[in-house]
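S.K.: Generate the whole structure from the sequences, applying the supplied hints.
8 protein chains.
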Amino acid sequence: MGSDSDLPVMKSAAEILEHFEIPFELTVVSAHRTPERMFNFAKQADGRGIRVIIAGAGGAAHLPGMVASLSPLPVIGVPVKSSNSIDGWDSVLSILQMPNGVPVATVALNAAKNAGLLAVQILGTSDKNTLEKMKAYKLSLSEGVRFKYEKLEKTGYKEYVKD
Amino acid sequence: MGSDSDLPVMKSAAEILEHFEIPFELTVVSAHRTPERMFNFAKQADGRGIRVIIAGAGGAAHLPGMVASLSPLPVIGVPVKSSNSIDGWDSVLSILQMPNGVPVATVALNAAKNAGLLAVQILGTSDKNTLEKMKAYKLSLSEGVRFKYEKLEKTGYKEYVKD
Amino acid sequence: MGSDSDLPVMKSAAEILEHFEIPFELTVVSAHRTPERMFNFAKQADGRGIRVIIAGAGGAAHLPGMVASLSPLPVIGVPVKSSNSIDGWDSVLSILQMPNGVPVATVALNAAKNAGLLAVQILGTSDKNTLEKMKAYKLSLSEGVRFKYEKLEKTGYKEYVKD
Amino acid sequence: MGSDSDLPVMKSAAEILEHFEIPFELTVVSAHRTPERMFNFAKQADGRGIRVIIAGAGGAAHLPGMVASLSPLPVIGVPVKSSNSIDGWDSVLSILQMPNGVPVATVALNAAKNAGLLAVQILGTSDKNTLEKMKAYKLSLSEGVRFKYEKLEKTGYKEYVKD
Amino acid sequence: MGSDSDLPVMKSAAEILEHFEIPFELTVVSAHRTPERMFNFAKQADGRGIRVIIAGAGGAAHLPGMVASLSPLPVIGVPVKSSNSIDGWDSVLSILQMPNGVPVATVALNAAKNAGLLAVQILGTSDKNTLEKMKAYKLSLSEGVRFKYEKLEKTGYKEYVKD
Amino acid sequence: MGSDSDLPVMKSAAEILEHFEIPFELTVVSAHRTPERMFNFAKQADGRGIRVIIAGAGGAAHLPGMVASLSPLPVIGVPVKSSNSIDGWDSVLSILQMPNGVPVATVALNAAKNAGLLAVQILGTSDKNTLEKMKAYKLSLSEGVRFKYEKLEKTGYKEYVKD
Amino acid sequence: MGSDSDLPVMKSAAEILEHFEIPFELTVVSAHRTPERMFNFAKQADGRGIRVIIAGAGGAAHLPGMVASLSPLPVIGVPVKSSNSIDGWDSVLSILQMPNGVPVATVALNAAKNAGLLAVQILGTSDKNTLEKMKAYKLSLSEGVRFKYEKLEKTGYKEYVKD
Amino acid sequence: MGSDSDLPVMKSAAEILEHFEIPFELTVVSAHRTPERMFNFAKQADGRGIRVIIAGAGGAAHLPGMVASLSPLPVIGVPVKSSNSIDGWDSVLSILQMPNGVPVATVALNAAKNAGLLAVQILGTSDKNTLEKMKAYKLSLSEGVRFKYEKLEKTGYKEYVKD
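Residue numbers (the working numbering), protein chains in the order written: chain A, 1 to 163; chain B, 1 to 163; chain C, 1 to 163; chain D, 1 to 163; chain E, 1 to 163; chain F, 1 to 163; chain G, 1 to 163; chain H, 1 to 163.
Among these hints, one or two may not hold up.
Across the chosen pairs, the derived CB separations fall in these ranges [what the hints assert, rightly or not]:
#1 C/Gly49 / E/Lys43: 46 to 56 Å
#2 G/Lys154 / A/Asn40: 11 to 21 Å
#3 D/Val161 / G/Glu143: 47 to 57 Å
Note that these hints are calculated values from the structure, not bench results.
As the structure is a computational prediction, the values presented were derived from the model and not from experiment.
Note that beta-carbon positions come from the ideal geometry of N, C-alpha and C, so glycine has one too.
M.R.: Here is the structure:
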């Protein structure tokens, strides 16, 4: 991520990776304040055995796109709604609107959790076990909703909304 | 893709996959006009050996997100600027802003080429050969720019802009 | 509705339907987390005697449009401003900008009350009694304003604003 | 509709109603240039046996909302992208963002066809025959897509895109 | 104004008119909940000796435009940022983007004070005394700034910002 | 107006003033390229007997607001959608969002005609004759619509749309 | 700056200039409330030995552009998100979208700190000492990030996020 | 600039620099396709005697910000409205909304001419001759407007608009 102020958002990606037992590194690499570090990090990533990169940043968010330009690996970009952002539009557009030749797999504003899940899905394309875990995860989403609508239908909406 | 009117945009993804010699299917699946077909397509994709899905759609573009909800595979979404779109914002936001649990790897407006490249990168995470081709592709991008700036520096901008 | 987190907004629709003595069901159906349930719900709705569907959702809100694609009934969509929404624009555009052939009757952001009223109006097109109640409701709106302007004109704005 | 310049857009609603054999009136009623006419039209509509009103307008589009305030009938609003519009946003927001108590069933920008279909669905809530026709219409949408994807899969995308 | 909830904003217009000793009426007239009242108010205004109308409303704000369509008087519109507004854009565009033939003199979001000043300026076009007061008011604005920059220059910004 | 490139838009204001037989001056005063001229123009306007100022400009449109800061007269601002504008938003917001104390009576994007009508309405607040002409003008708007809907109802929409 | 309410934002520019030991003046000059003062300030600035002007303002922010039109010096504009701003867009567009011939060097919303740094960089184009200090400053940014990522990598993200 | 497709826009900067007789280099440096080249270019610029950098790019425009992060020189950013841009917003926000510590002096969309002028003004802070030329340039802008308004006032707007 581009700044430690993004950590409260970005930690959700880490939590998903832990849940799926995917080893990962989590660090701060600023495109604007540590460009050399970003350069080295991105150039060396695939050689060091990294297979997917998740990059989150706010404002004029150049980290995901610059890493994507420097690495042949898939890069997942997380737009972060930072304090002086213009409602998050700056971050979304800076990450999403990459030119032809250099894609960034962009997820929703602040959606680090989804970035983690997308990384898992990418690894699942070549790993049966991970793919099965992803199927189970999707089932658990559906179970979570079932719990809610059963409760809602039993207690009625007036009781439910009080909780 | 959601409509054959998206084909002039989406064919760039097919061209990239052909360039990288990745086998693919290309068809029309409309979330809104053929929901059953979409359902079956998405539910069966991973069982049929498909590893990555690229879904392009315009307006209130529900195809990428719905396919992502039905399949454990990574889904790449291409927002298409269709005729009655509000400047493309509708398509971008309908694809990007997915809820927690169901990511779509969104690329830029009309960026089907980047969707193809992202699919290649995803396959490259488990295939050395594809990864090497991606490195070569990135090199070719850089060579393409070199050709241009060398010409520009030689002819001067006044001549160059006439071409 | 797509999530129980939409309930504080969506309950206003229920309250209106109770006020007009229209029987209704209220439950959670997530397009993205329970796609099969949504499918079955939407396909079976008209056969079960349901006449109008109100669907509320936030972010990339696909529920209203997907239900509309699966049912011949009129579907009223309520854009909900959820926590990581980009100011509600994502939800509004995902629901409103449906392609030709599959309309969603969209109401204002968070306007579940208006969704309830619109459902009543739709039922009123074939039920004199409901139509008369709607006329009475509109009269009550006007009376409510009269109470306010009479008070305002009597007390003066300086007193009124203190309350 | 608010102006005869909206006719090229709004005629699609008329065509749908003719297709479904629903009798209708089509005229120009301007909220801003003929407010009395609008008043009378809206106040008398339900007494004259009209059951659904479709109102299309561009810019600061007040016609749908004002008609909705004056009539107990359901009002469908069609935002029209007129010449000096700010990308259609003015029309969309002026129609959609109605206050509590006075809903307008808003469809997509320029989506008069969908307004016609929504009117048919509303009438279908009390008319079996119309409901069946709507089911048939939805089937025809799906058949239309099938024709396209079968052709696409047979000819290949390179041939298809030439047509 | 369209609702008593607009009063905390709109009272600033009243205060300005009191400051300039311009007689005025302040009341609630809802375009959507009391359309007949609005009709009568607007049609009779110039006959009753009213010379300028200030109309404030939020959301799909139709009051200023509808009053402008019904009266030959100049109408000043105040967009109000109401609770379920989409950041105020709905109100701004619903008031500003009036069609040719029916202008509304729109001021900034929530700028009821400026609406009052504009009304004073309009009356000042035919009243020397009011024009002179307006000149004095402008001078007082400039004096207010002088007080501030003199204090700032004397105390230094570090002290000033503490106050 | 701020540039002669605004003339094709701004001439509509002149045409309205001629129609109402209001004497006027029309010239180019650029806030950014001729600031002294703008200063002198604005400072001297009321002394020279001018009663209302119409100022149109595009992009970062400072002319209306600066003239308003320098003159006690009412200033009508016309946002012009110029060539490198960002969809007209820059011009609209630069003119509309004036700070407290300095109003600009803003009309719709490119709505110079409405600026002319608003000027006429302002002069009509103290001139019975002008007020009566404005009433007649409003009647003519309504007659114009009548002509159209009568034709439409007689010929049917299919014939009408061919013209 | 245009108002003393901008001081909490604009003081960051002053702090940067003090850090770099650049002498500066800080005062309030309102384009709209003190146009003469602004005129004189801008016209005399270069004659008084000022070399760079930083102008911050909110809403319809005319100060930076007007100063740029009156002075041959480089003008840095800081859009300030003021209380009744429409999310800061008004200020950003009023400062950024200057017409050809009159540039304003615009920085991010509320980015007074960056305005200060840009001023230092401009002075550094002719002052070796200042250029060296800027290099040192950039190094300190990078050191600041290093401190953070070393801590993060040592403590782990779960501990880090608690601080 | 980031691509030779930006040249039709960016050449205006070159023309201004030629007009002011400022020596310059003009080349293509792509942040995304030639990141190493960009790195070297930016790191070496101040050592090679370059004093100001103008960087133009479209879409997710990272070039200006990345160059600014790598060089102590002032960097002027030109947002370019490229073909698949979302109305230019992506480019504007990617360049403007830089984080604290790394400013980019952003000019209006496509305003390469103003970028050239800003560069001249920056050089003029330490070069009397250039400053004088800038004053003369500003005078010529004002003369250009005088020519127009004199013609307009002489011929009348009806003749003028025909040309």
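S.K.: If any of the earlier hints don't hold here, list their numbers in rising order.
M.R.: none
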